[in-house]
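With the hints as extra help, turn the sequences into a complete structure.
Sequence lines, in order, name chains A and B.
Using the numbering used here, the letters of the first sequence correspond one by one to residues 1 to 110.
Using the numbering used here, the letters of the second sequence correspond one by one to residues 1 to 115.
There are no misleading hints in this set.
Below, in silico cross-link-like pairs of lysine to aspartate or glutamate (EDC-like), each with a Cα-Cα straight-line distance of 20 angstroms or less: (1) B/K3 x B/D28; (2) B/K53 x B/E79; (3) A/K26 x B/D59; (4) A/K102 x B/D38; (5) A/K69 x A/E5; (6) A/K69 x A/D7; (7) B/K55 x B/D28; (8) A/K102 x B/D59; (9) B/K70 x B/E56; (10) B/K70 x B/D51; (11) B/K57 x B/E79; (12) A/K56 x B/D102.
Read the hints as simulated data drawn from the structure, not as lab findings.
Everything numeric in this text was worked out from a predicted model, so none of it was measured.
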Amino acid sequence: SQQGEEDPQALSIQEGENATMNCSYKTSINNLQWYRQNSGRGLVHLILIRSNEREKHSGRLRVTLDTSKKSSSLLITASRAADTASYFCAANSGYSTLTFGKGTMLLVSP
Amino acid sequence: DVKVTQSSRYLVKRTGEKVFLECVQDMDHENMFWYRQDPGLGLRLIYFSYDVKMKEKGDIPEGYSVSREKKERFSLILESASTNQTSMYLCASSPRRTGGADGYTFGSGTRLTVV
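Right, here's the structure in full:
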């Protein structure tokens, strides 16, 4: 089955810096979604970008989508220690199921 | 505040036991899902359901079954627990059948250890 793959696997930055995570997927999609998971907890939906969109913003989050390259990126601007979490991309290909990547672990140090 | 509630945060069961993991949502969502999450493997779909009494196999259904007798409740059953089923189990729901146009709402997860 198709799968999103995040890159890098782990990212360590200082507060105030920007964090960029990338995601690649294998087949055509209806939309791509990003989720956040705090340690040992469930996932929280952050943002969704549809296949006909190229960029979307939500607060400090910016998501881009390049369907020709089958890739997406999540940018978190002005990172805070509270942004420390794992981030997952999830591809939706037309049914209601999502296929998740393995995640990027983000550590934001004060 | 809308919720997906998983009945247990932590469970320890013995090999061979029948295990029930319960998930309840209060959002009147049609779709419900069970995933397991393992280090290095990400989230993998076990089973999902589009409606009451409906179920579909995901990517790794072997060793599991599900039950959806009521719209708000989706149960995952390990018929005979094995140590390789030690994992974090995540339940999720979403409001519509087509397009996946809405994000999932996840429960907090159940960390199951089979000894």
